[in-house]
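Colleague: Full structure from sequences and hints, please.
Those protein sequences? They're chains A, B and C, same order as listed.
Using the working numbering, the first residue of the first sequence is number 1, and each one after it goes up by one.
Using the working numbering, the first residue of the second sequence is number 1, and each one after it goes up by one.
Using the working numbering, the first residue of the third sequence is number 1, and each one after it goes up by one.
By construction, these hints were calculated from the structure, which means they are not laboratory data.
Keep in mind the model is a prediction, meaning the values are calculated, not measured.
Any given hint could turn out to be false.
[Claimed, not checked] Here are the simulated DSS-like cross-link-like pairs (lysine-lysine), alpha carbons at most 30 Å apart as the crow flies:
1. A:Lys-144 to B:Lys-236
2. C:Lys-166 to B:Lys-236
3. C:Lys-35 to A:Lys-142
4. B:Lys-236 to A:Lys-142
5. A:Lys-165 to C:Lys-35
6. A:Lys-55 to C:Lys-166
7. A:Lys-55 to C:Lys-148
8. A:Lys-142 to C:Lys-166
9. C:Lys-148 to A:Lys-204
10. B:Lys-169 to A:Lys-142
11. B:Lys-236 to A:Lys-165
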Amino acid sequence: MSTYEELVGDMVDVLLGDDPDEVVTWAESVLEGGVAAVDFFNKVFTPAMAQIGDKFAALDIFLPELIDSAERAQAISKDVLEPIFEAEDSGAQISRGTIVICTVQGDLHDIGKNMVSLMLQVNGFDVIDMGINVPPRLALDKAKEVDADILGLSALMTTSQPYMKECVELRDGFGMKDQFAIIVGGAPITAEYTAQIGADAFGKSAVEAVEKCFALMEER
Amino acid sequence: MNHRPRLVEVLYRAETGPIIEEAAFERTLVTPTIRAAVEHYGIKFDEETAVNSDDDLADRVFQAGFDVARDVGLFCQDTSRRIVWTQKELEAGLRYCPSEVTFGLGVDTVTLRTRTPEDTNRVGIVGGAYGVPVPEEMYVPLALSYLKEPIFDSVDNPSLETVYGHPIKAGTAWEVLGARREAELALLAAGMVGRSGIPLGCVEMSPTQLGALAGASWGGYRPSDWHHVSTLSEFKVNHDTLSIATHIARIGGALEAYYNPIYGGYVGGAEGVAVAIVAGLILINQTYVAQVYNTRPNHPFYNCDTTRELIWATGLGIQALARNTNLITETLVGPAGGPGTKTMLYENAAFTLATTVSGQSAMTASHSAGGAVPRHASGLDAKICGETVHASSGKTRGEANEIVNRLIALYESDLETNPKGQPFEEVYDQDTIEPTPEWQGLYDEVREEVIGMGLPMDRMVW
Amino acid sequence: MRHRSRLVNVLERAESGPIMKEADFERRLVTPAIKKAVETYGIEFDDSTLVPNDDDLADRIFQAGLEVAAETGMFCQDTSRRIAFTRRELEEGLRFCPGEVTMGAGTDAVVARAREPEVAERPILVGGAYGVPFPEDLFVPVMLSFAKESVVDVIENATLETVYGKPIKAASPWEVIGGWREAELSMEVIGRAGRPGMCIGCVETSPTALAEISASSWGGFRPTDWHHVSTVSELKTNYDLLAKVAHINRIGGVMESYYNPIYGGYVGGAEGVAVAVVAGSILMNQVTMAHTISTRPDHPFLGCNTTPELMWAMSVGVQALSRNTNLLVGTLVGPAGGPGTRTVLYELAAYALSMTVSGVAVLEASHTAGGAVPRHVSGLEAKMCGEVMRATSGMSRAEANELVMRLNSIYGPDLETKPIGKPFEEVYDVVNVEPTSEWRGLYDEVWDELVDMGVPLDALV
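Modeller: Quick look at the structure:
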């Protein structure tokens with residue numbers, strides 16, 4: 001049997017390979033070879049995704065490859081791991097929580113928000129991506145409708161930051177403060193600004209956003 | 001304009017005012033507040049009286065409206081917040097409101113001034129198809145049917161159905177183009193009659209703020225034109241309307257803000273409409289920092305403002321404001337009847353007489369056939385209003401009441417028959433821009449009748 | 001402008017073009033189309049030649065870009081449709097593009113003309129803070145630091161952080177009033193500089209269509225100013241942007257349209273960026289009917305466009321366009337370095353050299369420190385570009401390449417360190433609007449170095 005290190009390398013290869021359908025059969029064959037699903041998730045899947053993230057950070061791969069990889073990883077998660085965890089009723093959870101995410105009103109940038117959305121998905125969150133230019137009321141109503149744990153707000157423009165503030169104010173003003181947390185992020189956003197508007201967390205990168213969402217879930 | 005420095009404060013309050021759900025605003029705030037004010041001040045509709053002569057009642061309506069304005073404020077739909085003001089702030093807003101405004105350019109300039117009931121000072125007259133949808137090729141002929149009448153000081157525009165044959169899609173570049181097309185056609189028509197400086201009511205084609213902003217710019221509508229901003233019924237504004245008010249303030253444009261309460265809706269019946277007119281106009285003065293304030297209440301089923309209840313309420317609301325403020329007020333008539341009907345001419349004469357003796361500064365006409373039936377408007381519809389304004393100078397409210405009551409009796413039973421009449425192309429010759437002999441004949445008959453009732457439309461001075 | 005009659009046709013296509021999901025447009029259409037074109041035309045990045053002297057390469061890139069433009073068209077986000085044109089239509093669009101435009105009014109007017117590689121006629125210099133966020137009280141000083149430099153032909157605005165102390169909220173009346181505040185402050189700048197007709201790049205604070213449409217009106221920005229319409233990367237537009245197009249078109253305004261491909265994004269690496277620059281420019285000319293067409297590619301992590309890959313891509317992209325079209329091509333420099341650093345001056349000199357000999361009609365400076373760090377930009381950055389541009393108009397690409405390679409070797413290692421330098425108020429006396437002696441001293445040292453390297457900055461004609 002291959003070492004976990006080798007399997008991580010193999011997974012990176014299939015994630016970046018030419019055949020998009022190969023991932024699921026590859027993952028199934030690894031599990032059939034005796035690797036427990038939980039171990040696969042923790043020791044192969046997660047480090048492999050981290051390597052993909054590192055490759056993009058060095059621009060050894062470009063955005064299209066990153067997106068392909070995330071989609072393929074999601075296929076492993078949904079088609080292979082989730083059914084096993086459910087059947088085993090092992091308590092191992094694939095869904096870590098429900099997150100509604102969007103770029104706030106007045107801002108049409110989606111690349112950063114999409115990266116966060118992808119990273120959250122591959123890390124086991126159910127993500128409802130409302131897209132770009134989303135008015136505060138729509139975002140809040142959606143979070144309420146799907147009983148979200150977290151509302152993630154992105155802004156790349158300083159002129160859209162006021163809508164983040166408004167989301168927090170209206171959530172609190174309409175008495176929904178205890179229903180879901182709000183995490184904010186985007187190029188002009190800082191920890192100071194986050195504190196100033198009363199948001200619950202700030203992610204300065206896609207990786208940190210995922211970490212902060214895990215932390216928010218623990219607090220709940 | 002002296003009160004415009006308030007604008008930034010208005011915008012700030014829209015971001016920071018009390019949070020409330022939109023439905024709760026109307027149902028749990030507007031409705032009970034108006035109801036309580038009507039009771040508290042003992043305001044009661046009297047169906048024998050179309051035009052009120054009771055100054056005390058007018059002053060009570062003013063107090064009631066003022067209380068409502070202070071207690072309710074305006075709701076901003078985009079921020080889910082109320083824009084609220086204290087009693088003192090509203091009083092200061094009224095104390096320093098514009099009491100005189102000049103529109104238009106050069107020799108086509110017109111000045112409107114605040115008036116009081118039965119005041120003999122001149123009333124401005126605006127004629128136009130007021131947003132009635134028309135095809136592009138009919139735009140200029142229809143506009144000319146108003147522009148060629150010397151009785152009008154200003155003209156308002158119809159709405160284009162298309163732009164260069166394409167549908168006008170709100171909130172897009174098509175809206176921008178639609179507004180620019182409207183401006184080019186309106187300026188063309190004004191030039192054709194030698195009145196290029198006349199104030200043009202604009203921008204009709206502005207379902208969002210885009211049309212109003214793009215149309216009022218270099219080469220388009222001018223600061224001297226007569227720019228509009230609406231209020232959503234009841235007592236609501238949003239980022240679109242506030243953006244329009246901001247733009248017009250920055251280009252130094254003359255602004256008309258309007259508020260149209262709905263009879264039988266959240267404000268209640270005739271008494272509630274009268275109070276709502278006062279409250280609404282006080283609030284839009286505070287918020288839009290406009291120059292002129294218009295109202296055109298609406299009957300929810302007839303789409304008109306010429307029912308007995310609404311004529312009473314509109315006249316009374318105007319009296320309340322005219323007696324107690326310097327606001328420059330005006331009303332828009334929305335008859336149920338359309339071009340080619342006697343009904344409409346009676347309605348327009350009655351409404352105009354009632355609101356003019358009540359103290360409005362300008363009469364705006366006409367939302368013929370309720371204002372929404374394509375092509376159902378024509379120059380004569382508004383001309384009757386202009387003639388009524390001239391003839392009513394010097395009339396008391398009591399005299400006006402008698403005439404209005406007689407006129408209402410002539411058309412009242414027609415309102416529910418939806419007498420929308422004929423489209424413009426059937427009542428006007430499209431080449432000569434002259435009314436057909438039938439339409440002119442009807443007009444002349446009604447004019448004679450009205451003169452017979454005691455309105456001297458045939459006198460040479462006014 | 002003669003080509004603007006196309007407007008209704010463009011808008012009509014945005015309503016009726018092929019329907020597609022936005023994600024598919026980029027991943028299934030743009031990415032493969034560019035990849036294929038790069039392969040077909042044998043385009044390859046060469047890190048030893050940042051200013052290529054290969055006309056055939058430039059022409060192949062042009063063909064590749066034209067092919068991509070015809071294949072992808074521009075995507076309209078609001079209608080989920082492609083605004084597509086046949087190759088013939090695109091060619092005709094290029095054939096009758098403006099080729100020349102007057103910017104500004106009266107004695108302050110300047111004329112931008114289409115150029116070719118190595119021609120002696122010099123480009124227009126736009127100097128400004130290019131959307132860098134500034135507090136209201138520093139707006140006039142920083143913009144004056146550009147307007148007062150005689151070498152600057154047109155100024156380009158900073159972005160206001162607030163309006164009368166309040167946040168500027170996109171798509172609200174605050175955006176409208178923010179646009180007007182920018183206009184009133186800009187008029188103060190050009191008035192104080194004694195250049196009242198000077199063309200002003202505007203409206204910077206216009207995240208949606210509102211500010212551009214409102215503030216370009218009676219008493220605000222003028223039709224003779226330089227109105228901007230962006231493209232959303234990659235190759236996308238939307239109703240806000242098209243509404244700006246319609247408005248500028250109708251007020252008869254001078255328009256700049258720009259497109260900033262992202263290195264390592266959907267367009268791929270250096271070769272893909274070069275092809276995307278060409279495709280994007282051709283499509284902008286067709287869709288926005290702008291007068292000047294600009295690009296400012298971006299490195300996704302360094303935030304600059306002065307890496308070897310991007311210097312190469314911009315040079316060949318501009319050569320492709322200037323050799324094969326009459327487009328008024330502009331490029332905006334985005335150095336990693338900031339005010340008060342030598343790095344930024346080397347980056348700017350390299351960029352100005354490369355772009356001038358590659359054939360830009362409009363040289364734009366500067367997105368200092370990547371263009372997003374509040375207050376990190378100053379007038380001397382644009383001055384450096386202007387001086388180099390004047391001194392090197394007419395220089396050969398081969399000669400320029402040697403200089404650019406030398407400069408790149410000096411600043412290259414610094415890029416990763418994000419040398420953002422100091423904010424404006426620390427490198428300029430904000431009252432007198434003069435550089436501090438330190439900043440002026442660094443500038444003069446680098447100036448002398450450049451003269452020694454063979455850039456004739458000291459020539460009097």
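Colleague: Output the numbers, in ascending order, of every earlier hint that fails for this structure.
Modeller: 3, 5, 6, 7, 9
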